[in-house]
Structures are given as structure tokens and as C-alpha cells.
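Position chain B relative to chain A; hints supplied.
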Amino acid sequence: MKIHGLSRRMLLQLALAGSASAMLPSLLPRRARAGQPVLPPRVIFVYNMGTVRELYDPVATAGNPAPTETDFELAPIHDALKPFKSDLILTRGISMASQDADTSAFANSHVRGGTHALTATNRKTPALAGGPSIDQLIAKTLNAPTPVTRYPSWELDFLNAPDMEGGTSYIAAGQTNDRLYGASAVLGEFPADLGQQTEAQKKAAAAKLARSQASLDLALGEYGGIKARLSKDDRAKLDQHAQTIRDLRAQMQLGTSVTCQPPDAALQGDIATFNVRPGSGATQAERGAWVKRGWDVQARLAVSALACDLTRVQILHLPGYGAIDDVIGYEPADYGGGKAHTGTHDLAHQCSGINQYGSGGTLWDVPAAVDLMRKLDTAQAQMFAQLLGYLKAIPRGDGGTLLDSTVVVYCGQIANGYHETDDLPWILAGGANGYFRTGRFLKYPKGTAHNDLYVSIANAMGVNVQTFGNPAVCKGPLSNLR
Amino acid sequence: MRSTLALLLPLLVAACTGVIGGAGEDTAPAAGGTGDAGAAGATPPQTVDGQIVVTPQVLRLTNLAYTNSVRDLFPGITIPSLTLPPASTAVVYDNDAIVQAPTATLIQAYQANASAIAGVVLSNLGAVLPCAATSADDACALTYLSDLASRAYRHPLRGEESARLTAAWQTVRAANDLPTSLGVVLEGILQAPAFLYQIEEGTPVEGKPQLARLTGSELAARLATFLWASIPDAPLRAVAVDDRLLQPAVLDVQARRLLDDPRAHESVAHMQYQWLRFNLLEKIKKDKATFPTWSDATGPAMRDATVRFVDHVFWEEGTLASLFTDTHAFVNDALAPLYGLPSASGSGLAMVTTNGAQRGGILTQVGLLAAFGHEQMESPVLRGVFVLDRILCTPPPPPPPNVKNTPPAPAQGDTSTTRQRFQTLHELGDCAGCHKLIDGVGFGFEHYDAVGAWRDTEGGKSVDATGTILGTQEIDGPFDGIVELNTKLAKSDRVANCITKNWMQYGLGIDPQVATEELVAPVRSGLGPTPTFRELLLLVVKSAAFRYRTVTP
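Chains as they are written, first to last, in the working numbering: chain A, 1 to 482; chain B, 1001 to 1553.
Looking at chain A on its own, in the form it has when it is part of the complex (with noise of 0.2 Å):
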């Protein structure tokens, strides 16, 4: 049985994982014991870079007037969702408060978002958020004090390469985290020295950690050794360099211990497939399929390396405006009047409900374009899905799957054509070992902070705390959601 490049021997020991602890050591947390949970929780946020939000909202069940926190059916775009609802949360009226609050430059107006989607506080420069991101946050704290998964977090991405604009993770005031692009960097991060090996394979990985250790131990020591006079910021930047060297010095210890197995032949053979990209020449639904293809080994790797343990946090890239195009046939079209659309992005510009002006996109009374629009959603919807599909095939050992364990958070940069920031969609998936009440949809006031639904995610995976980003919106964990 293959699911999604997963072996059955792996399958097999993460469903025995419970009781034959000796095989999975490092899918089981040090402090796991009775009625603790089979698996340290998750998380991966889902990055998309724009939104309709009125698409999202589910609606009513039939014979009621409006859809309630628990009667409520997913919005047609959803459909893919459909054997997920009770895994979900969707809410409305979370806004960057944080962004309100932010006076500085901006270079453009995604990177309004883009800079406070995951950090939440002022940004450092016009195109640069000014603190660590929430994935940052989390991976830094749960790897602290010695590091727990191989590796803190990943970011995957096969297309969004971000020209001139700041990124999404950040590991501190102005540092974007390094993004992994395309399937074959990824699949180059699973360790060599995973799965069963020979005796001799092992005295030649232990040797060969040997002297890298030693190696960064010689590094670290000159570390120590700088006497030059050096500023804050440069200090710390070195620090945090040693730091780092220090981490990936007892990542490399728990390589040696994890038993799970490298992504097999089938997503190898379809990530080789991923890397012939379609010329000029190749057709729409070419494009398009290249597009689902990398989407779906960009999952597998993912779940894999959730399921592996290599890491607990991760962001991944949803494709969006130009990409998605070919994956939904997109072709312009006039309607007449000036009413015309030119490419997804021009369509979500035009395609928006009623802003905070009152008035509407000039499409939105186009049902043809909304058509198109909802039709665009739907296929991220799908993609979406296909994700939750592939963690809910997972099992975990007491009845449950990889989604119970984790929270996937769907999450972007702005809500609308109009490049608002208020009032997203936000939507969570899996309750991260049972502490989100899923299968609900929340209201919540417009302008409720986003900060404080990141003190919720950081409390759900563990990590404590009581504010995050611009302590001046945050209030704390978000109600109703446990």
C-alpha cells in the first residue's frame, strides 16, 4: 500500500506508535505516557496571496435564514471540504489590527499584508516586517532549549517567488526565513540516514557525525572568540548565528534515531515528472496540470516530513492569481459596457463584494465573472483539501489521524480586491490534539486582531504565551475556540 510516497512499513509504525515505542522514537514525545497525546501537535499554515471573503462564508441549511456557529453548510466553493467539515473552524471578521495600527511606509499594497500576515507588529522598513513571524515563534520555542525535530520549520513554495517584497516567515525584525523552492530542494532535506541500515551503514553515519560535530564545535569556539567591539544588532545576529550552529549540531544527533522511511519511488517518480516545466509552447491545461502537480508533491513532502517528525511547523505556498489561471481554463472576457477582465488578478480586483466605502466591484453584479470567481476559490478550495486529505490517511495509532494532531491554518494577505486587510477569512483545520472545538463557524466583531488567534495556535502547539505581535491590538487568546 503507497499513500501519497508514505511506505506501509512507515504507515505501520506510526499506527503502532502508541504501544511500540522502541521502533519511532522520535514520534513520540520524551514526556509521553497515558493520556497524553500519541503525537506532539502540528501546524501548517496555508498561504494564499488574496481572497474574496464573501465566497467563503458558508450559508444557511435549508429552512433557516441564516447560517449559525453550529447549522451552517460550507459555501459552495467549499465543496471539496465537504468530508472535512467537522474538522474545520471558519470564521469571519478577524482583522490585521495590527496593520491598522502601523503607520510606517509601505511599498505596495500586498505588502501591507504580506508584512503583517504571520508577524502581526510594525514593520522595520517599507517592505519588511518588524518581528518574528508566528511560525517563527513556535518553531523557536518548541526547539528550545535543545532541538526536538530535525528541522524548525519549513516554508515550501514552488512558484511565488516574491520580487522586491518582503517574505512570510521571518525569524526576526527584517530577516526573512529562507524559502525551500520546488520538490526536488525539499525532497534533497530528508536526510539520507533515515530508514533501516546496515551495520556498517550506521558506524558510518555515526563517524561521519562525528566530525561534523566536531567541525561546528571548532566553528562555534571561534564564535566565542570575537572581541571586536560590535553593535546590538550585530551582536545578536552573531549570536543567533551560533545559536543556529548550535541547533543544527543536535538536529544532526536525531537524524541517526528517526526510523521513518524517505518519501518512496512513486512521488520520487512524480516529482521528477514535476521538474520538466512546460515550455511556451505547451497548452493551457498543460500549464495547468503542472501547476496541481506541484501543489500535490508540495503536500505529500509536507505530510511526510510531518509524519517523519523532521519538522512540526511549516508554511506552504497556495498557488494564486496567474498560476491558478491555467488550472481553471481562465480566458479573459468582455461583458460589455467596460465591464472586461483581463487575468485572475485583474478578475479578484473587480470581483469583490462591498468594500469599506460601500460600493462594489465593478464585476460584482456579473454572474458570469462571479462564476469565474467562485470557480478560481473552488480549485484552492480543492487543493486545500487534498492536504487535509492526505493528513486524515495518516493514522495515528489510537484511532485518530495526522489531522486530528495537527492545525492547518488557511491564511493570507488581503481579503478582497481592494486590498483590505480587515475582516479575512481564516480558516483552521484539525484541532491540534483535540484543543481547537472544530466543526463550527465563527463570528467574530470586524477588527478582532489576528493577533490574538496566533496566542491561540502558539497555545495549542505548547508554547505559551499571552501576546504576540503588536502588544497595543493584542488581547490575548482568541474566545470560543477551545
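Simulated from the structure, these hints should not be mistaken for laboratory data.
These numbers come from a predicted model, not from an experiment.
Backbone N, C-alpha and C define an ideal beta-carbon position, used for all residues, glycine too.
Not one of these hints is a red herring.
Pulled a few chain A residues facing chain B out of the computed Cβ check, cut under 10 Å: (1) P126; (2) L128; (3) I226; (4) L238; (5) G279; (6) S280; (7) H341.
Only chain B this time, still in chain A's reference frame:
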């Protein structure tokens, strides 16, 4: 006068929407200028001979400098391909310390690279050891490693560094054979801060307690990093170790020697690639239905041809003005027709002379024109912003959040020109203010379509490529087409200032806020009546900002 002129355009740009504090771009620096906003004016800047001295943050080797340094550390050995995470594009230059984050991915890559490098060096010990590899002993190995560390760290080993190296060697050697031990210590050297970072202390300056003069080795490191993106070679180390390099005449000789070396081309190209946004040439996409001759090979050829052009301008033509007036281009079979030239050179690029009435300089290279355009139509906005941002150093503020900023494509049956559609769109609402500035330049490009080909008509209508440049108080006024605009730019002080500013940013590893008018002006004023790039780089090297630093409290 020059300073006043330089400040006027940013003010105008800032005022075009009233949204952005664009005037801050060239405002006075914080003391020392670390790039952190907020401390401006707290204390007066430190100066030497009237020139401002800044405090660059500790710079990490760029990916290019890392790769080149490894190459030069192990001459004669073929180094395997090294993988490093791509640099942030949130800033103009990759040596801007503000974005140089020590991420887990980066540190892991340094470790993996060091391991791979050690592997190939151990296979070629005969090429590096000062003794026969077959008879190498501890003394020979340690001699080699000490020399390697000295070259990698870009200074003679200090006593404590030498002691740590010896101790590390003895510890590793106690548990390993000699080649293995060599590999381990070599890996450690390649991950040490003195190799990966440019850490400077300087020496005190009499009577100026807040200033430090770089040591010979520190200055040599800056020089080699700037001009070669690599480590100092033996002749440079020789004049650095005893501080002879601090003598202006010796510094001049060495700077000229480095510039004459082929290795300088790579660093210059790296700077120009970033300054002129050539990363956009990596992903040019065009609609094949609109441009049937476009193929997968056209974009890469455009990129290579544009890189070759600026290389030619810098090294062969030489003058700043030639960046706007040189009529050469590099073409192959795919590109020649776009210049209106017969195809003759196959797929390889060959230098040709273009029609001087239609072409001149970087702004009419088909690669740049195609990169600043959309798939089906050209973009006066992107082209105009490029000139304002990278040529005049006055980037306009971003559009307000609530505007539709997608290009106005022609509707069915619409026979309007690109210019007409953009004009109609930009006359609306609050757009007019900024777009008067942006489109005033951008409409001047209307003779070039989305792939950079010349056209006299669009949709049967005569092309209107008249434009107006505003706010410079120097070259303001109307022009017709880019060749006329080029004439203005080629003689502009504002442009020369901008070029100087960019080279100082790159040379010092500082961000635009630190590269103030006050910092740039003394270097700019040293240029002769027909300034050349080579002259400019030598002035940067000789500037106080390059030779001194402020003291960290």
C-alpha cells in the same frame, strides 16, 4: 546647489499622493547611519576631511562572494557546485546586512558545503599541502591549515586564533587519522565567523574617539569584496599586512590592479544585475499569439544580451553617459529582427550597431523593454517607474491600497492605443498626481512594443512618444522618444548622483537610507567632466567612508 536640486525631486515624488514620506530617502543620516530609522539627527555624523563616515553593519559574504572565495582559497581544485538559499529581494543589493538572516537553512547549507569542499580537497591534498601528501605529518598539516585560515579570515591569524586552531587540531587528531583531521578542521574554518562575516575593529584615530581607521587587512578585505567579490590575493595581502595599503598611492595602485583583473567583471556584473533589476529578465513571459516568434529561448537570450551590453558599457565604452547613448546591442537570430536588423549570427550573441535614431543605451535594450512589459502589451508605468527608481533614485510611492492597478487591456473592438487607455485610466481619482510624473517618462517608450521592437504605428495610429520629465529642476521639460530622453539623462547631475549612490550602496553594504546625499556628494563631485565608471569606483575606494568606520559605543 547640487544638494538642493537632489532634494527637490524626492519631495515632488512624495507629494504626488501625500501618502509616502519619500523625502526621507535622502534625509540626513543617523549618527553613524546603521540603517535604523528613528535616530536621525541625534548626533552630527562623523567626518574625515569633510566626508561622512558610516558604520556598516557586520556584512556576511554574499552567495557570490562565498562561492568565489572558496574558489580562490583552493586554486587548482575543481570545487563542486555549492548550494545556498537565494538572497532576499526585499532590498536592492544582497550585501545589505539588514536582510542577511542566519537562518537554519543557511547554516545547514554552510555545513553541507563545507563537508563537500573538504571531500574534494582531501582527494587533492597534493595540490594544496606544502609538503608531499604521502609524507604529510602534523606540522605540515597545521602549517597548511594556518595559512588557509589566514587567507579565509582575510587577516594574519591573531595569537588567540592560532592557539584555538592548534588546540582544535590536536583534539581532532587524537581521534582521527591525519587526512580526516584535515577535513574536519577545514570544515570548521569554512564555518567560522571570520570567514563568513566581514568583522571590523579598526584602529583609533587621534583626536576623534568616535572614529576608527580600518587596518590594512580590513581595507584589503573591503577592496577584494567590492571589486572581486572574493578574498584578497597574495599581492594585496602583502601590502595589507604591514598597513602599506593605508597609503593613498598604494591603495590606488592596488585598486587599479584589481580592476584590471578579469575577476572584477563578475562583481561589477553582479552589482549591475541588481541595480538594473535584471532578475526580472529571468522570467519574461510573452503571449505567443500576440508575438508568434517568441520561444523559450528568447527570454534567456534577452537576459544574456542585456548583461553583455552593460558589461560592454562599463568596460569598453566606460563613461556614465554611454549607459544612455551607446548604440551597440548584442543580438542573435531571435533578437536581431526586434532591432530591425537582419538575422545573421545564429543562436550566439554578436555585437552590432543599432539605428541611432531609434536606439541608445540601456533603456532601449529589448531585454529591458520586454521585462518591463506585460505578456501582451508594453507598460508605460513599469518603464516609467524603472527610470524614476533606478536611474533618478526617486522611486514614486506605491499606489493607494484601494486602486485597481491592473493594466488596461483593449476591449473588443477597441482601437485605442496603449497610451490612450493608460491616460484615460490615470486621469481618474487620485491617480493623476503620481502618474503625471510616472507616465510623463513612461509614455516616452511608446515606440517600443512589449518585446522591445520598434513601431511607428499602433493599431493604424501614429505612435505618440512625447513625454515630460518633471521635478529634477535640471533636465525638466518635454522630450520626444527615448533617444531624446537619453540625451537629457546622459548629461544629468541627478543621474550621476544616482549612479554614484548605487555604487556606494554596493561598495559599502549599506541601504538607501544610509547612502544620503551628504555621503554621496563628495564622491560625485570628484568625478571629472566626462565621468567614467572606473573613475567612480576608484573614488569610492578612496573615500573616507570606505577607509574608516565609526566606533561602536
